Every structure is written in C-alpha cells, then in structure tokens.
Amino acid sequence: MGVDYYDILQVDRDAKEEDLRKAYKRLAMKWHPDKNLTKKEESEAMFKQVSEAYEVLSDPHKRALFDNTLKARVEPAADAGASGDGGPTRYQNPFPKAPPVVRKLPCTLEELYKGTTKEVKISRITIDPSGQMKLDCGSGESKTLDLVAEIAVMNRQRKLVEEVLIVEVQRGWKKNTKLTYLEKGGEVEYHRPADLVLFIYEKLHRVYTRDGNDLVVTQKISLVEALTGCTVNLVTLDGRNLTVPIDQIIHPEYEKVVEREGMPLRRDPTKNGNLRIKFKITFPDDLTPDQKLEMQKLLSD
1 MGVDYYDILQ VDRDAKEEDL RKAYKRLAMK WHPDKNLTKK EESEAMFKQV SEAYEVLSDP
61 HKRALFDNTL KARVEPAADA GASGDGGPTR YQNPFPKAPP VVRKLPCTLE ELYKGTTKEV
121 KISRITIDPS GQMKLDCGSG ESKTLDLVAE IAVMNRQRKL VEEVLIVEVQ RGWKKNTKLT
181 YLEKGGEVEY HRPADLVLFI YEKLHRVYTR DGNDLVVTQK ISLVEALTGC TVNLVTLDGR
241 NLTVPIDQII HPEYEKVVER EGMPLRRDPT KNGNLRIKFK ITFPDDLTPD QKLEMQKLLS
301 D
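70 is the number that the UniProt record's numbering gives to position 70 of the sequence shown; each next residue is one higher, with no gaps.
A hint or two may mislead.
Below, a list of computed lysine-lysine pairs in the DSBU-like style, where the Cα atoms sit at most 30 Å apart [what the hints assert, rightly or not]:
| # | residue 1 | residue 2 |
| --- | --- | --- |
| 1 | 220 | 292 |
| 2 | 220 | 280 |
| 3 | 39 | 220 |
These are computed hints drawn from the structure, not numbers from a lab. The structure presented is a predicted model; accordingly, all values stated were derived computationally and were not measured.
Between the sequences and the hints, there should be enough to build the whole structure, so can you do that?
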C-alpha cells in the first residue's frame with residue numbers, strides 16, 4: 001500500500017515550494033530522533049517518511065509523476081463510492097519496482113533428495129531516504145534545518161547491507177525451482193526496492209543423473225556379464241546400500257527399472273520416482289581363433 005505525501009507533510013495539493021519547505025522544517029524538528037529519545041523507533045520512521053515526502057514533492061518531475069498516479073488511484077475509488085468509515089484514502093506507491101536480482105542456489109542431489117537448510121549470504125544497496133541529516137538542536141537549529149531542506153534530495157546516503165537468508169530446501173525440489181524474497185534485492189533511485197529471486201541449480205553428481213522424478217545411472221559391464229547376468233551394487237542418495245541382481249541377457253538398449261528408488265515427488269515427498277539402470281557393455285578388443293570357435297559353438301546351440 002502506498003501513502004499520500006501531501007498528508008504526511010500536512011499540506012494542500014496546490015502547496016507552493018515555500019509551503020513545502022516550511023512544512024518540512026516544522027515536521028523534521030518535531031520528529032528528529034535526537035529530540036525524541038524516548039520514542040526513537042517511532043520518530044525515526046516518521047522522520048524518514050517526512051524526508052521522503054519532501055524529496056518527492058520538492059522535485060517537479062517526481063511531483064508530477066506522483067500527482068498523476070494519485071489521480072489515477074483516487075478517481076476509480078470515487079466512482080465506486082466512499083468506504084463510509086471516514087478514514088484516510090490509501091494510495092499505491094507511484095514509483096515502478098526495480099528489476100529483480102536473480103541468483104542461483106546450488107544444491108547437490110543428496111540435498112534435494114533429503115532436504116536441507118542452507119544459509120545464503122546476500123549484500124544489497126539500500127538508500128536512506130532521509131539522507132545524512134544531522135540537525136543541530138542548539139542555537140543553530142533554524143539554520144541547520146534550512147540547509148537540510150535544500151540538500152535533502154542530493155544527500156541520500158547509500159549503504160551496503162549484509163544479511164543471511166535461511167532457505168529451507170524441501171525434498172523433491174527440482175532445478176529452476178523459484179524462490180522470491182520481497183524487497184531483498186537492493187534499491188535503485190526512483191524505484192521501489194527490488195526482489196531477490198533464487199533459482200535452484202542442481203550440481204552434477206558423479207553417479208546419478210536426474211530425469212524428472214527418476215534417477216538414472218549407467219553401469220559398465222563386460223560382454224560375459226551381459227550374456228550371463230550380473231549384480232549391480234549402488235549407494236543411494238540417502239546412504240543405503242542397494243543390491244540389484246540381474247539374471248537376464250542385457251542388450252545395449254536394456255534398462256532395469258527399480259521402483260520407488262528415485263527422487264521424492266515435490267507434491268508428495270512420501271512417494272518417489274524410479275531408479276533406471278542403463279548399461280554400457282564393454283566388448284573385448286580381440287579374440288583368439290580358439291575363443292572365436294568356442295563362441296560360435298555356444299551361440300549356435
């Protein structure tokens with residue numbers, strides 16, 4: 001929800017520059033944190049609102065933009081009828097939202113299989129709408145307030161804010177799962193704060209690849225094993241030893257499916273996809289004449 005900068009400065013819509021300056025001086029004096037030590041948090045918030053309102057309304061371009069947006073918000077509301085509660089009307093923020101800041105969140109298959117908690121360190125630029133305003137509340141009070149009113153727009157201070165986000169990675173999340181953190185992407189002049197968008201990035205695994213909810217593994221076997229059968233021994237993503245016996249002939253396109261040994265389903269993590277075992281058959285480089293003869297006898301029977 002936006003605010004009405006005219007209401008904040010307690011001035012009319014047609015207030016002149018001098019009216020704005022006087023209102024700002026009066027309210028800045030009233031709400032300056034150094035003069036409200038017992039209500040510091042409230043005064044800091046009000047002081048920033050007053051400073052932001054003065055910054056917008058004292059700039060002709062930004063004031064025109066705000067007035068146009070204000071008009072667009074008020075007219076439909078008037079057509080629809082008053083709320084009847086007698087309360088002040090609320091307005092949308094007139095400034096566009098800054099483009100999102102996009103980052104990858106790398107996760108291993110093990111983390112996406114079991115779920116995990118990750119700490120993400122972020123740094124973003126914030127802009128203090130009050131600027132670096134230190135008011136002299138002694139004998140130079142009025143002069144200092146005049147100076148602040150003149151440089152409020154020019155002296156907005158940028159600062160680097162560092163923060164650690166706690167991300168609860170859920171079982172079954174896939175690559176490109178999107179996480180949005182509102183207004184955590186930093187600030188740009190004349191824009192509302194940007195959002196931070198994290199996309200899950202699956203790290204390559206040395207054994208498994210992921211295909212939707214299935215896990216795929218390729219097992220190297222000899223020609224003898226392809227013809228006579230073999231046993232595949234694997235360690236699952238949650239650390240279990242899995243033994244898969246195969247007693248049929250394995251041809252190049254053969255695929256062994258082990259049900260419910262794949263990735264957890266995102267919508268129902270109690271269920272799993274399948275494990276698909278593919279085979280890469282290693283053929284001998286050469287055979288002796290006797291070996292060839294024996295093979296012919298065996299395979300012709």
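Consistency of the hints with the structure:
no.: 1; hint: 220 / 292; verdict: holds, 23 Å
no.: 2; hint: 220 / 280; verdict: holds, 5 Å
no.: 3; hint: 39 / 220; verdict: violated, 72 Å
The earlier numbered hint that this structure contradicts is number 3, and it is the only one.
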